[in-house]
Amino acid sequence: EAQVTQNPRYLITVTGKKLTVTCSQNMNHEYMSWYRQDPGLGLRQIYYSMNVEVTDKGDVPEGYKVSRKEKRNFPLILESPSPNQTSLYFCATIRGRGLQGGVGSYEQYFGPGTRLTVT
Amino acid sequence: DQQVKQNSPSLSVQEGRISILNCDYTNSMFDYFLWYKKYPAEGPTFLISISSIKDKNEDGRFTVFLNKSAKHLSLHIVPSQPGDSAVYFCATTGAGSYQLTFGKGTKLSVIP
Chain A
1 EAQVTQNPRY LITVTGKKLT VTCSQNMNHE YMSWYRQDPG LGLRQIYYSM
51 NVEVTDKGDV PEGYKVSRKE KRNFPLILES PSPNQTSLYF CATIRGRGLQ
101 GGVGSYEQYF GPGTRLTVT
Chain B
1 DQQVKQNSPS LSVQEGRISI LNCDYTNSMF DYFLWYKKYP AEGPTFLISI
51 SSIKDKNEDG RFTVFLNKSA KHLSLHIVPS QPGDSAVYFC ATTGAGSYQL
101 TFGKGTKLSV IP
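The listed protein sequences derive, respectively, from chains A and B.
All residue numbers for the first sequence refer to my numbering, where the first residue is 1 and numbers rise by one.
All residue numbers for the second sequence refer to my numbering, where the first residue is 1 and numbers rise by one.
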């Protein structure tokens with residue numbers, strides 16, 4: 001079954017304590033991305049990765065780091081979490097290959113979400 | 001500056017009637033458009049998409065219309081069912097890019 005998994009699903013932590021949210025996909029997709037969802041703001045992209053060892057900033061990268069050492073995993077790292085990073089986080093993948101891959105190439109597959117609370 | 005706007009935060013529709021969700025965009029370079037549906041406590045799931053070379057795409061009860069001159073797209077759900085109650089996001093991207101820009105979402109409530 002095609003899946004994007006995230007762990008943990010729920011996390012309550014304190015300001016300044018480093019944490020990592022893992023994301024893993026079994027679809028061999030090239031493109032992976034992290035979003036955060038906040039009330040009234042919709043989905044905003046944090047970081048994305050076009051392929052292994054290739055990452056780039058999205059719209060709201062401040063306070064976050066990512067790495068892409070292997071194709072299937074794309075962890076999100078908060079070195080020093082702050083309360084304004086309390087949010088719902090989603091990892092997503094895209095198959096890639098543009099229009100040559102057919103109309104389905106731009107569809108994103110989302111993980112189930114990670115609810116993070118920083119106190 | 002919001003490039004993708006969903007101006008209605010919420011919409012209520014009677015079961016069996018048509019639901020129309022709207023989305024406006026500002027960047028004429030966008031050429032691929034998608035709708036996602038999101039239930040509480042789940043990730044968004046892909047619903048339907050359209051490329052800029054078309055003005056309509058239909059999939060069962062769901063139809064997306066694109067008006068490029070007005071930079072406007074809409075999602076029609078006919079007939080609406082209680083299970084359609086969810087938040088709907090429109091998203092767009094440009095040629096060769098996989099970066100999707102999302103609207104803020106519209107919460108649809110279908111009343112039995």
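Keep in mind the hints are simulated off the structure, nothing from the lab.
Warning: the hint list may mix true and false statements.
Below are the DSBU-like pairs computed for lysine-lysine, each with C-alpha atoms no more than 35 angstroms apart in a straight line [stated by the list, open to error]:
1. Lys-57/A - Lys-56/B
2. Lys-65/A - Lys-56/B
3. Lys-17/A - Lys-57/A
4. Lys-18/A - Lys-68/B
5. Lys-5/B - Lys-65/A
6. Lys-71/B - Lys-69/A
7. Lys-37/B - Lys-54/B
8. Lys-65/A - Lys-37/B
9. Lys-107/B - Lys-54/B
10. Lys-69/A - Lys-68/B
11. Lys-37/B - Lys-69/A
12. Lys-56/B - Lys-5/B
13. Lys-68/B - Lys-17/A
14. Lys-107/B - Lys-37/B
15. Lys-5/B - Lys-54/B
16. Lys-69/A - Lys-18/A
17. Lys-65/A - Lys-18/A
18. Lys-17/A - Lys-56/B
19. Lys-17/A - Lys-71/A
20. Lys-5/B - Lys-68/B
21. Lys-68/B - Lys-56/B
22. Lys-54/B - Lys-71/A
23. Lys-107/B - Lys-71/B
24. Lys-56/B - Lys-69/A
25. Lys-107/B - Lys-5/B
26. Lys-68/B - Lys-54/B
27. Lys-57/A - Lys-54/B
28. Lys-71/B - Lys-57/A
29. Lys-57/A - Lys-68/B
30. Lys-69/A - Lys-17/A
31. Lys-5/B - Lys-57/A
Hints, one by one, checked against the model:
{"no.": "1", "hint": "Lys-57/A - Lys-56/B", "verdict": "holds (33 angstroms)"}
{"no.": "2", "hint": "Lys-65/A - Lys-56/B", "verdict": "violated (40 angstroms)"}
{"no.": "3", "hint": "Lys-17/A - Lys-57/A", "verdict": "holds (23 angstroms)"}
{"no.": "4", "hint": "Lys-18/A - Lys-68/B", "verdict": "violated (46 angstroms)"}
{"no.": "5", "hint": "Lys-5/B - Lys-65/A", "verdict": "holds (28 angstroms)"}
{"no.": "6", "hint": "Lys-71/B - Lys-69/A", "verdict": "violated (39 angstroms)"}
{"no.": "7", "hint": "Lys-37/B - Lys-54/B", "verdict": "holds (22 angstroms)"}
{"no.": "8", "hint": "Lys-65/A - Lys-37/B", "verdict": "holds (28 angstroms)"}
{"no.": "9", "hint": "Lys-107/B - Lys-54/B", "verdict": "holds (26 angstroms)"}
{"no.": "10", "hint": "Lys-69/A - Lys-68/B", "verdict": "violated (40 angstroms)"}
{"no.": "11", "hint": "Lys-37/B - Lys-69/A", "verdict": "holds (31 angstroms)"}
{"no.": "12", "hint": "Lys-56/B - Lys-5/B", "verdict": "holds (20 angstroms)"}
{"no.": "13", "hint": "Lys-68/B - Lys-17/A", "verdict": "violated (48 angstroms)"}
{"no.": "14", "hint": "Lys-107/B - Lys-37/B", "verdict": "holds (10 angstroms)"}
{"no.": "15", "hint": "Lys-5/B - Lys-54/B", "verdict": "holds (21 angstroms)"}
{"no.": "16", "hint": "Lys-69/A - Lys-18/A", "verdict": "holds (20 angstroms)"}
{"no.": "17", "hint": "Lys-65/A - Lys-18/A", "verdict": "holds (11 angstroms)"}
{"no.": "18", "hint": "Lys-17/A - Lys-56/B", "verdict": "violated (49 angstroms)"}
{"no.": "19", "hint": "Lys-17/A - Lys-71/A", "verdict": "holds (27 angstroms)"}
{"no.": "20", "hint": "Lys-5/B - Lys-68/B", "verdict": "holds (15 angstroms)"}
{"no.": "21", "hint": "Lys-68/B - Lys-56/B", "verdict": "holds (11 angstroms)"}
{"no.": "22", "hint": "Lys-54/B - Lys-71/A", "verdict": "holds (34 angstroms)"}
{"no.": "23", "hint": "Lys-107/B - Lys-71/B", "verdict": "holds (22 angstroms)"}
{"no.": "24", "hint": "Lys-56/B - Lys-69/A", "verdict": "violated (41 angstroms)"}
{"no.": "25", "hint": "Lys-107/B - Lys-5/B", "verdict": "holds (14 angstroms)"}
{"no.": "26", "hint": "Lys-68/B - Lys-54/B", "verdict": "holds (9 angstroms)"}
{"no.": "27", "hint": "Lys-57/A - Lys-54/B", "verdict": "holds (31 angstroms)"}
{"no.": "28", "hint": "Lys-71/B - Lys-57/A", "verdict": "holds (27 angstroms)"}
{"no.": "29", "hint": "Lys-57/A - Lys-68/B", "verdict": "holds (29 angstroms)"}
{"no.": "30", "hint": "Lys-69/A - Lys-17/A", "verdict": "holds (23 angstroms)"}
{"no.": "31", "hint": "Lys-5/B - Lys-57/A", "verdict": "holds (22 angstroms)"}
Hints 2, 4, 6, 10, 13, 18, 24 from the earlier list are contradicted by this structure; the remaining hints agree with it.
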